[in-house]
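> Reading the sequence shown from the start, the letters are residues 1 to 145 in the numbering used here.
Derived by calculation from the structure, the hints in this document are not laboratory data.
Treat the hints with care, as some may be off.
[Claimed, not checked] The calculated SDA-like cross-link candidates involving lysine to any residue, where the alpha carbons are at most 20 angstroms apart (straight line), are:
1) 128 / 16
2) 51 / 32
3) 51 / 81
4) 56 / 106
5) 56 / 93
6) 56 / 81
7) 128 / 98
8) 51 / 33
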Amino acid sequence: LLQTNLRFGKKTMTRTLILFRHAKADSAFPDDPPLSETGRRHHVLNVKNLKESGLKIDALFSSPLRRAQETAEILGDNFDLEVALLPELAEDDVAALVELAEQLPEETTTVFVGHAPTLAELGRRLSKTHDFVELAPGQMRIVSF
């Protein structure tokens with residue numbers, strides 16, 4: 001398809017979605033826990049490396065749960081982005097998330113910060129592959145579609 005589009009002078013439009021699982025949460029808080037100090041420290045280092053890679057992020061969405069919001073805020077602070085809350089990221093409604101992702105502007109990079117297993121299932125559906133693995137706390141995967 002890409003070769004065909006190039007031959008006829010058409011540009012293939014894609015969206016890039018970075019699926020970011022929240023960093024490690026503090027298990028001392030059973031209800032809506034914040035990030036643990038270790039999780040926060042590791043995430044700050046990961047985001048610093050991501051920033052140094054030259055990646056450009058156009059939009060940042062987060063689950064409204066505290067651990068995801070704190071993870072997203074670290075990203076937002078480093079990439080100078082506001083965090084927009086997206087309740088669907090906490091509701092395990094993968095079909096709604098697929099629909100939202102498909103409505104994102106083409107040629108943009110967007111981050112969704114959320115939870116397992118929702119992010120992995122979203123990645124499977126968007127990438128149309130069954131080998132999209134679960135994300136550990138603080139891990140990310142990039143999907144282009």
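> Indicate, hint by hint, whether the structure satisfies it.
Consistency of the hints with the structure:
no.	hint	in the structure
1	128 / 16	holds (14 angstroms)
2	51 / 32	violated (28 angstroms)
3	51 / 81	holds (13 angstroms)
4	56 / 106	holds (14 angstroms)
5	56 / 93	violated (27 angstroms)
6	56 / 81	holds (11 angstroms)
7	128 / 98	holds (12 angstroms)
8	51 / 33	violated (26 angstroms)
In this structure, the hints that do not hold are numbers 2, 5 and 8, in rising order.
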